[in-house]
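J.: Based on the hints, put chain B in the right spot on chain A.
Here is what each chain is made of, one letter per residue.
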Amino acid sequence: MAVYLVRRLMQALLVVLAMSMIVFVGVYAIGDPVEILISPDADQLERERAIRALGLDLPLWQQYLVFLTNALQGDLGRSFVFNEPALKLILQRMPATLELAFGAMFLSILIGLPLGLYAGLRPNSPASKTIMAGSILGFSLPTFWVGLMLIMVFAVQLGWLPSTGRGETCSVLGFIGLQPCNAGLQWSWLTGDGLAHMVMPAVNLALFKISLVIRLTRAGVRETMLMDYVKFARAKGLSASRVTFVHVFKNILIPVVTVVGLELGSTIAFSVVTESVFAWPGMGKLIIDSINVLDRPVIVAYLMIIVLMFITINLVVDLTYSLLDPRVRLESKGT
Amino acid sequence: MSQAVMDGAAPAAPRKDKVETPFRRFVSEFAESKIALGGLIVFTIIALVAIFAPWLAPQNPYDLAQLDIMDGRMEPGTVGGAGFTYWLGTDDQGRDMLSGIMYGLRISLSVGAGSALIACMVGATLGLLAAYAGGRTDTVIMRLVDLQLSFPSILVALMILAFLGKGVMNVVIALVIVEWAYYARTVRGTALVERRREYIEAAQCLALPTHRILFRHLLPNCLPPLIVVATMQVARAIALEATLSFLGLGVPITEPSLGLLIANGYEYMLSGKYWISFYPGIALLVTIVSINLVGDQLRDVLNPRLKK
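Chains A and B, in that order, are what the protein sequence lines are. The UniProt record's numbering applies: residue 1 is where the first sequence begins, and numbers increase by one. The UniProt record's numbering applies: residue 1 is where the second sequence begins, and numbers increase by one.
Just chain A, with the same shape it has in the complex (with noise of 0.2 Å):
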């Protein structure tokens, strides 16, 4: 085990490494950074220095070295635009889109596994064939298109909810009582207006994991019932409803619950979408403005993070897979 474990590290780290290589290199070979950083009226001497000060005059390995070495020390750069450490500005939005994603996933949860238990229990009613048509649906609708709906309708139309921005926001986890409220870690779901600000972005980000676990949890339960011990306990007497919550939800939970946590990652990349249409101040919404502006501390700092934050998600998902089935082991000890 402990083999497979320093092998497997050693592969993040390579992967880390590979990427923050194409990383550097996309960004800050292509397209002359002298042009952005150094004023058009500096003359030749002028420009000189500065490039020797920016270390722009070594070659690309070298600089690489330098930005790798800045990089361990947590220095990414700082933004041209807010003039901040990039680190910090996307560390600030964090919370933001933490809090999306993690509300995104709750949803999944709440809305799917009731809507896919029904469907797997009754697969030819009408209700769970209209249930199944919904989530092809999701699956195909566009995330941002729904959401624009989602404004259109509900703030526009009805006027129930706030159409964009994040509301009022309460800081915890921060330094309370030490600081000003606005020091510490904000966040949306603690108070009233903030939670209405998060229903629609939350719904839009959740509707393809809604679908998902519909899909997941209907399998999961239309296999469950042709099980021995589903057919045992019904002939023990047992009520359908001890069958159904007890036998057959257990069962399903676990691997429905894996599939959602498997997909935090991929919720906390497509809130760049969701945060842009409903003006989300997370971090998917600042590299969007970033991108646009050409902010490079900021694209390179947001992409090694969302990479480091993958390869540890990956990284966690295969070693839990190598605890659980030593299949997994004994295959990359064969090799």
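Simulated from the structure, these hints should not be mistaken for laboratory data. Nothing here was measured: the structure is a model prediction, and the numbers come from that model. Wrong hints could be hidden among the right ones.
Each computed EDC-like pair below joins lysine to aspartate or glutamate, with the alpha-carbon atoms no more than 20 Å apart [what the hints assert, rightly or not]:
1. LYS34/B / ASP300/B
2. LYS129/A / GLU32/B
3. LYS88/A / ASP75/A
4. LYS129/A / ASP296/B
5. LYS250/A / ASP228/A
6. LYS250/A / GLU223/A
7. LYS129/A / GLU255/B
8. LYS88/A / ASP289/A
9. LYS166/B / ASP289/A
10. LYS166/B / GLU255/B
11. LYS34/B / ASP296/B
12. LYS129/A / GLU223/A
T.: Quick look at chain B alone, frame taken from chain A:
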């Protein structure tokens, strides 16, 4: 004499119809699902509209001389200053939305289909190579596939467009890089089984060149799953292109795809002018759903495991 020939030919013709060729069987199996057939018809109409847009559209939305800024933001069904009816309203430039959607479909479909085609060629070639060569080649290619599939498609596309910038070509490149891995994985899976068959052995005994074995012998037998994946990927590519264009990273404003049309309507949405975003979205939705319906049925028909 000629009478006799015709007499002889007449009863032969209907009998010939009953001969079951693989293609006929495929068509009749596909037509079993009325929904899928409907999807195919709808998609054909959409594709025809996109191809013949210059002749069908009431207005050329790119020709500024035909646009009248006074007709801007008109509701669906209003008659414009020039005397013709804007059935789906106009955008802020006074552009007829119906024409805009027809031309937008052209761009959305060609970017979607074009990128899927290129990705299919790249992915299928690498997948075949991985399966046929095995060993280190296989490991390297499949590691790359695994690595790429572990990141969500939107993130990969975002990263590439952040490097390359906007533009139709750049979107196609991004979509190809996002998609090739799906094709490679599919083709490799099928090809691994097929390469152990006798006909490949026979081809090897004849000392045929490798590229001939790969593309003339192995590839045709890996086609069914590839067709299914390709259909689904066209829908995904169209949706992803629309999303990227909506985010302002996709096609430039001079060549508006459906996604960009929707994005243009975003700011007018809050003042209740819904049609600028609404109708292009419906067009996008119908396109994606119809392709998915066709793909779903293709998967059922072409999947040998589901055959009785």
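J.: Each hint: holds or not?
T.: How the hints compare with the structure:
| no. | hint | verdict |
| --- | --- | --- |
| 1 | LYS34/B / ASP300/B | holds (14 Å) |
| 2 | LYS129/A / GLU32/B | holds (19 Å) |
| 3 | LYS88/A / ASP75/A | holds (9 Å) |
| 4 | LYS129/A / ASP296/B | holds (16 Å) |
| 5 | LYS250/A / ASP228/A | holds (15 Å) |
| 6 | LYS250/A / GLU223/A | holds (13 Å) |
| 7 | LYS129/A / GLU255/B | violated (40 Å) |
| 8 | LYS88/A / ASP289/A | holds (16 Å) |
| 9 | LYS166/B / ASP289/A | holds (14 Å) |
| 10 | LYS166/B / GLU255/B | holds (12 Å) |
| 11 | LYS34/B / ASP296/B | holds (12 Å) |
| 12 | LYS129/A / GLU223/A | holds (18 Å) |
Of the numbered hints given earlier, the model fails hint 7 alone.
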